Structure formats: structure tokens, C-alpha cells
Amino acid sequence: MTTATQAKARMLTMAQAISEATAQEMARDPRVFVMGEDVGKYGGIFSATTGLLDKFGPDRVMDTPISETGFMGAALGAAAEGLRPISELMFVDFFGVCFDQIYNHIAKNHYMSGGACKYPLVITTGIGGGYNDAAQHSQCLYSIFAHVPGLKVVVPSNAYDAKGLMTTAIRDDNPVVFLYHKGIMGLSWMSYFEGSTNEVPEEPYAIPFGEARVVREGSDVTIVTLSQMVQKSLVAAETLAAEGISAEIVDLRTLVPLDRATVLKSVAKTGRLLVADEDYLSYGLSGEIAALVAEHLDSIRLKAPVRRLAVPDVPIPFSRPLEQFAIPQVDNIVASVRGLMTAKVY
Amino acid sequence: MDATAEQLLWMYEKMIEIREYEETMARVYLEGKLPPKIQKGLAFDIGAGPVPGEMHLAAGQEPVAVGVCAHLRADDTVVGAHRPHHFAIAKGVDLDAMTAEMFGKDTGLGRGKGGHMHLFDPVVKFSCSGIVGAGAPQACGAALAAKKLGRDSVAVAFFGEGAANQGAFHEALNLAALWKLPVVFVVEDNKYGISVEKSASTAIASNAERAAGYGMPGVLIERNDALAVFKVAGTAVARARRGEGPTLIEVKTDRYFGHFQGDPETYRPKGEAKELRQHDPIPVLGALVRDMGLLDANSDAGLRQRIATRVQAAYDFGRNSPYPRPEDALLHVFAE
Ligand SMILES: Cc1ncc(C[n+]2csc(CCOP(=O)(O)OP(=O)(O)O)c2C)c(N)n1
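Chain order of the listed sequences is H and F. In terms of my numbering, the first sequence opens at residue 1 and continues consecutively. In terms of my numbering, the second sequence opens at residue 1001 and continues consecutively.
Heads up, some of the hints might be wrong.
Rough simulated footprint, nothing fancy, chain F against chain H, three-plus residues with beta-carbon under 8 Å [said to hold, decoys possible]:
{"id": "1", "segment": "44 to 57"}
{"id": "2", "segment": "86 to 97"}
{"id": "3", "segment": "177 to 190"}
Part of the chain F face toward chain H, derived, beta carbon under 10 Å [to be verified]:
{"id": "4", "residue": "A1003"}
{"id": "5", "residue": "A1177"}
{"id": "6", "residue": "E1327"}
I should point out that these hints are in silico values taken from the structure, not numbers from a laboratory. The model shown is predicted, which means the values in this text are computed figures rather than measured ones. Glycine is no exception: its CB is placed at the ideal position from the N, C-alpha and C atoms.
Excised from the complex, chain F in its bound form:
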């Protein structure tokens, strides 16, 4: 399946937007967390600053999000994991509300209840979870609902290679194949589950091979490349939409930042992230769209400028929005 000019440009634009979003967050996140030393022995305070708590960024992993989401409609479901921003942006989650959520503001997707790992947008059917492996069965449920309701929508579960060792992953694969559900499982292999390398956590090299054990197609994508993901995902999504059942895809991708911001990364060879950035997938797609004459240098610069402005506006919105009232903590335990 070849990408149309429109799809190529969309993927390029979204990758830039995701990268801009993550690089901005990396800066904003540090605000207020370093000096002044508020306590003896404290180098960094995870609970301080305008965006407190854990922060898992996905810079480098853009191809997975855009290559798959290019095939999705608003009524298709995406379930992400603890590193969710790239999927959320590619799925079309409202950027202002998502950002406000990370600042813990009342205008956020979850009115400040969820934070960055727990983003819920029913409008574009996006959700995620901080519990590793939790998403795959949930995507099965969305796909089951589509089937029961006679819709041709599909569901996609995205998660890391670390999550593929959870029981939930294996149970979900069996369910999906057994019930022939319109679901696509996408494993992002960024080599690490926090500090543990895939080779130290997983008995086989490629999770795609595991698909055979559950009776579904499995495809390994060895390059962190949006077009390569686009092609394979196109086949998988179309198969699901036709009612022919699930597919398991694994993509070898790169994590440029630490597992979370503030990760000392002592487990990772020095300079590895820098080396990975030499193979940045964004300029690769940029060169392609320019070669194809879809974009010239001028419009490329304009595009980047527009995106930077858009992302900055979302951060301004998040920062300037009001906090919820403290006692609002008591709301939303049950539906009214």
C-alpha cells in the first residue's frame, strides 16, 4: 500500500509536531526541579515544578505512531501505554486539553485527575495506562464492541517490548485470534524496559514470531521508518476492517531520552542516544517529501514554524489555565 501525497505530508507534519512537543516538555519538566537545593542530598525533586510526577517521553519513536495512525479514523480506538504522547498526538487528541492535563489543570482532559500517563479522550477514542501490559486486552474489548455493534471500526493497542512479557499480552492475543477481532497489536521495541535490555527479558529476538503461536500474522519492521510502518500497518488495519482478524506488528525503534526524565541512564552505553539521533527518521521523511516535490525548503520552514507556534500555544494554554479547586478531588469517583 503506497502512501498518498496527503498521507506523506500528514506523517511528516505529525512527526515534527510530536518531536516539538516532547522537546518542549523535556525543558518545561525541568522547571523548578533542580536548584535551589531544598533539602540535603537532593539533586532533583520529581514532585516540584509546573509539571510534577513521572514523565516518559517518546522522542525518536514517532514513526510507530504516525505510520499506524495514518490509517485510522476518528472512530477507531487507540489504547496507549505509559509513554503516550506520540500516539495521542497522532490520533488527534486535543493538544490544549492534553497539555493542560499534564500541568494538572482544570481545563485538562481529566480535569487534573489523570496526568501524563492517564489521558482519556472519548472524542477520538484514545486512552492509556501506567500499568504495563494493561492495554492489549482493552483494545480487544473495543474491537469486540465494534463487532457486536456492526461497525467497521478497528482498535489498536500500542505498547513496549517489555509489556510483551506480561500475561495480559498473551491472553489478549489468544482472545483476539479466537474471536477474530478487528484489532492490531503494535509492539514498540526501543530495546529497553527501563534498564533491562530486551535480550535480558525476552527469550526470542522478535515478538512478531510469537504471533504464530496464537494463529495470527506477525510482522517485524526492522527500521525506525515511518513509511515502512505505514505499509505494514496499512495491511493490518485493512485486514482488521474487513473482519479477517488481528495482526501483531513489532517495530524496532529508538528512545532518545531516558526511560523517564531524570533517569540517570547508567545502564546505557555513554553516547548511545546521541548515536541514535544520527538516524533520526524525521529528516529521512523530510528528504523524501522534498524529493517528491511535495514541499520546498521555504514551505518546510513555514510548516515547522506553524507547528512550533501551535505547540507553544498548547503549553501556554496548559500553563495559564486555572487549577481545579482542592475539594474537586472528591468529584468523579462515580458517574452521576
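Next comes chain H alone, as it looks inside the complex:
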């Protein structure tokens, strides 16, 4: 440690990391601009665009009317002309009012044009519950975006990854959906998991898509997870370690592309798999990961059946006890892993 700056790690919240990546890419590339509801003066409801208006002015940081179909379609149109829009959908739940632009056009036009047209745009959006915002403001829904071919899907769990992945997202020539969980943004008005606020280098860097990260090594069980659930899993892993259970945690980081190799390698090592997900249980991410492992049972030997932890196919309820029940918690992860340790395959 020679200087004060080296001695003191620069900690950023995930919100700060996202806006820093955006600012650096905007400075580097004049084609990048931001639009969405309350992204200007307010700095984004979840602070993902804080400071951008002051740095770049209203031509490049545009507050939009509450017209999601309008500005998602406009993002496509501007991207087709060579600009690189970042278009914020305030809550992912609002995809309902503009999904035609996203899944019938943004996702498919490149393909339908036989590769002739490009749509380099990023849709940023807030996901997740845990603070009692009920069924229309608490969903994750990343599986829905990942289900539609043509969208890259990024779901970071911490500030360091968020900055590197956001940089990659902006530089990518494809449409990217970047989903940040509200409960790890480090907001001053919402309780959050502090593990998501971490050391972030000031200089720009890019984290490639399709590379999951083993955030904790272990030998007894693999927890495949993402987003806020990574932070919950880390807490759970401590409890499990005290009981002598060694959990390995794989943070997927991107759903499209999906790093299948890292998942398979970890499960091959531990022989046990828990998928911990905050999206709905059926027809989603947890099923996808389970299927991936099932398809490789010719080369992987499981010691226990695959377990999935997710929202049990109910809308997210408002009331605290109901919401705590519906959204998987640290205790549920611990209990599921304990169950896996005694379960058997025949």
C-alpha cells in the first residue's frame, strides 16, 4: 500500500456501479443515450441513472412520457439507425404494456432480416420483491425474456459485476435486457444485502457474457442462483458451514448466454443441486437448470434428486407474512440444502 487511494478500497453500490458504467460508455461513445421515466432530474427511481443528466444534459438523458410502447419502439428505431439507446423500463412488471415492441420486434428483427439489421440497445429494468410492493411491482420475470430468442439477458448480483456487465451490454451489438434487483441496489430507502456493495475499479472494464462465477467453493452441494438470491445463498452457506455442510455457489450472471459448462462442472463435483430462484417455479429458470443436469446424467452422478426453490406459482402477495412465505428466504435455502444432504437417488 503506497498511496491513500490504494489503501482505501473504492466501494460502490450496485446503483452507482451501473450509472458509472453508463457514464463511461456515454463519454466514450456519443451514440449512446438514455431514455425512460424519471431518468433525468430524479436520477432513476432506483438510482440507476443518478448524475447522468448533469454530466450529459437533456439531449442524451431523456425523461419520457409514461408511454412504454412508444419509447421501447423508439429505442428499436433509433438503434436501427446506428444509435445505441439505453431504455429504462422502471419496473420489469410494466413489460406488459410494451412487450410487443420487445418480443416481436426488438428480439426478432435481426433474425428476420437475415442478419442485415442490427439493434444495439439495452433495456434496463428493476426486478424483485421483499419490500411489500405486491403483485404488480415485485416480479423477477427474467425467464420470460430469456425464453424469447434474440434477447441477451443479464442479471447481476453485485456492484463489481454490474459495472462490467453493463459495459459489455452497452458495447454489444444485440439487444440486451439488464435486470437489477431493487434489494441489492444499495438504496438509502430500502433494506438491502450489503454483500452487493463491493469494490469497484474506477477505470472501465468489461465482463464477458456467458461466464458464470463460482462465488463460493464447496464440496457437498451446488447452489445455482443469481441476482439477490446469490446474497441470500451466501448467508445461508455460512449457516450450513457451521453445520459441516460445504456449499458451492454458482452465480449465473447472464441467462442468455447461459454458462452451462460451469453449472455442470460444479454439479459433477458436488453431486447435489439446489436451484435458488426468485422467479416463479413453473416453466422457468429453475426448470431449465434442472433439465440441463438431467440431460447430462450420462456423465454426472447425482447423490440426491435435484431440488428447486422458487416462488410457488402465486402472484407476489402484499402482506408481510404472505410475501415472506412466497419469496424464498435464507432459511428456506438452508432447509432445502439440509434436505438434499439426507435425500437419496435410486
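Take the given structure of chain H and dock chain F with the ligand to it, following the hints.
Same frame as chain H, now just chain F with the ligand:
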């Protein structure tokens, strides 16, 4: 259309009730959200306290709710938005059950499933949504049903000026005019959609002008005044009830609190809310009913006392009701 003495008093009473309700909620909402600091850097915890989650209050916007609902019957439909309390109260939603819902209790309108933005009361045909712009087409559906079923009931959709830039709004207007539906669209222009001023979101000054583009009457009410709303709404509701089709009304009104509780309001000139309170519509109507001899100072004080007691009772009911069992989260996904 002139208001009867009974209607005037009803509007006055309901405005006081709404205000009392919102001011009480503003206090209750803060419980448990500020100190102690449970986490580094945390100033306020939206998920804590007896009433967690987002909270959008409508203090200042009472004239819109009472001026319209004074013309409605229990079998008329109201669809509100994310800022729903004033409409719910004016429509006659059960105050105890509504309040219990905000506390997430089993006795709540939605047994704790919905919360403050998602209130459903089929008895007085009230519903609302947290999705901006969603209500206008739904009101068309209620009006369509009335028509198909041969009833003379009407439907009213209330929403903010921000919502009038959603595609759903424009589609609903066209449907309503095309099918001559008994529906009234009421836009509350409180100047802001969260932080974005109307002038920065809407290409024309008055949404009432947009009515012409869809072939229906459009009326702008420039004053946040219950009687002014009452008059225009009376004409619109009567027209709908006669089967003559929809009307679009925009009312310039005032939002005294932030967009939601906890909103830093950095986008708003300092002191603006205080200035707006100088033009409080409640004392204006109060002066009128007293001048007309409908109420003296004594009975006014008595009225306020009764309302305060009633509102407090609803909060006590909500607070003291039991929570649902956690596993009740699994109920009500499908009708049995
Ligand atoms: C489809 C959709 N987009 C965005 C939001 C986020 N949002 C909630 S309230 C609001 C502003 C609404 O403004 P307005 O319609 O004028 O109503 P007001 O809040 O002023 O009563 C926004 C943008 C939402 N809930 N739904």
C-alpha cells in the same frame, strides 16, 4: 346542474374524511421506517413498519373524487389508479376493510393480498391498479356490460395526466366513442407524473382537447373546486346514463404530498406544496355551506369530530386485525 343541500354536505363531509384519512396514513406510514438505523447508509426503510410498501396519498385531490362520485350510485363502476384512496372513500368502499388491507391483514378487502394500490370492492364496484393507464379500457368493459345487460349504470375511470400518454388511454377513448359506451374518463392533472412535469410529458396543454380526436365532448376544469367538478361531472354522468356516450374531463388539481411517501421531491420548487395548501378546497366548500346556512360552526366542529373518530376506528381496526397465515399465500390463485 345545481347541487342539493344534501349533496353539498355529502361532498364536504367526504372531503374532510378523505383528508383525515390521508393525513393519518402519512403518520402511520412512517412508523418503524425511520430510526433506528438498521443498516449503514439507510435513511428510511420502505419495507418496514405496520404499513410497508409504496404509499401514494391524494390529499389535495379530494374535489375530483367527491365532485364525480356525488353523481354515482352503488351499482355504478369506478376504476381508480395507484393513488386510489380518495376515489375509494367517495365511492363508499368499506373503510375498515380498506384500511385493514393496507396493514396487510386477513380482514382486508383482499385478505392482505393486494395492499394499497390494489383495492377491490365488488359490493360498491370499485377497483384500481398499480399499472399506469390500465383502468380506462377496464371502465369501457364495465360500461359495455351495462349496455349488454340493459342496465342504466355507468362507469368512471379516474387516472392522472401522466396516464393519458399511455396507449391504453387512447385505445379506450376510441372504443368508448365507437361503441357509445356509458363511461366517463376523468383525468386528474396534478402537474406531475412522479418527477416529470406535464409540460415535459404532454404535447398539448389540456387533455380535454384530445376528446375531439375521438369524437366525444371534452371539458377542462381549471379550478380544484368540488362544485366546479360536480357541475361538469353531472352533465357527463347524465349523458352516459341516457345512453348518449362517453365524456372526457380533465381537472387541474393539487398534490400536497410527494408522489409517494418518502419521495425526496427534489424536482419540485421548495415550498410549492405549502403554497398549494393556501388554496385548500375544503375550507372553500366549508365557507359555502355555512354561508348557505346548511351548517353552523358548532355542527361543523361536531362533524369533524365524528369523522376523525370514524377514521381512527378504521385505523384501529386495521392495526388490531390478525395477519393471514403465511401459507394463505397459496390461496386464491384460481376460483374454487
Ligand atoms: C405502466 C406503468 N408505467 C410506469 C409506472 C410507474 N409510475 C407509477 S405512478 C407514475 C406516475 C403517474 O402519474 P399520473 O398518471 O399523472 O398520476 P399521479 O401519480 O400524478 O396521480 C409512474 C410513472 C407504472 N406504475 N405503470
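(request) Grab the minimum C-beta distance from A1177 of chain F to chain H and call the hint holds if it beats 10 Å, violated otherwise. (result) 21 Å, violated
(request) Between the segment 177 to 190 of chain H and chain F, see if three or more residues pass the 8 Å beta-carbon test, and mark the coverage as holds or violated. (result) It holds, with 4 qualifying residues against the three required.
(message) Closer than 8 Å Cβ to Cβ for three or more residues is the test here. Does the segment 86 to 97 of chain H pass it with chain F?
(response) Per the Cβ count (4), the hint holds.
(message) Take the shortest C-beta to C-beta distance between E1327 of chain F and chain H; is it under 10 Å?
(response) 6 Å, holds
(request) Answer holds if the nearest beta-carbon of chain H is closer than 10 Å to that of A1003 of chain F; otherwise answer violated. (result) Violated. Min distance 34 Å.
(request) Given that the segment 44 to 57 of chain H was listed as covered by chain F, double-check it with a C-beta distance under 8 Å for 3 or more residues. (result) This one is violated; 1 residues, fewer than the three required, reach chain F with a Cβ under 8 Å.
Of the numbered hints stated above, those contradicted by the structure are hints 1, 4, 5, listed in ascending order.
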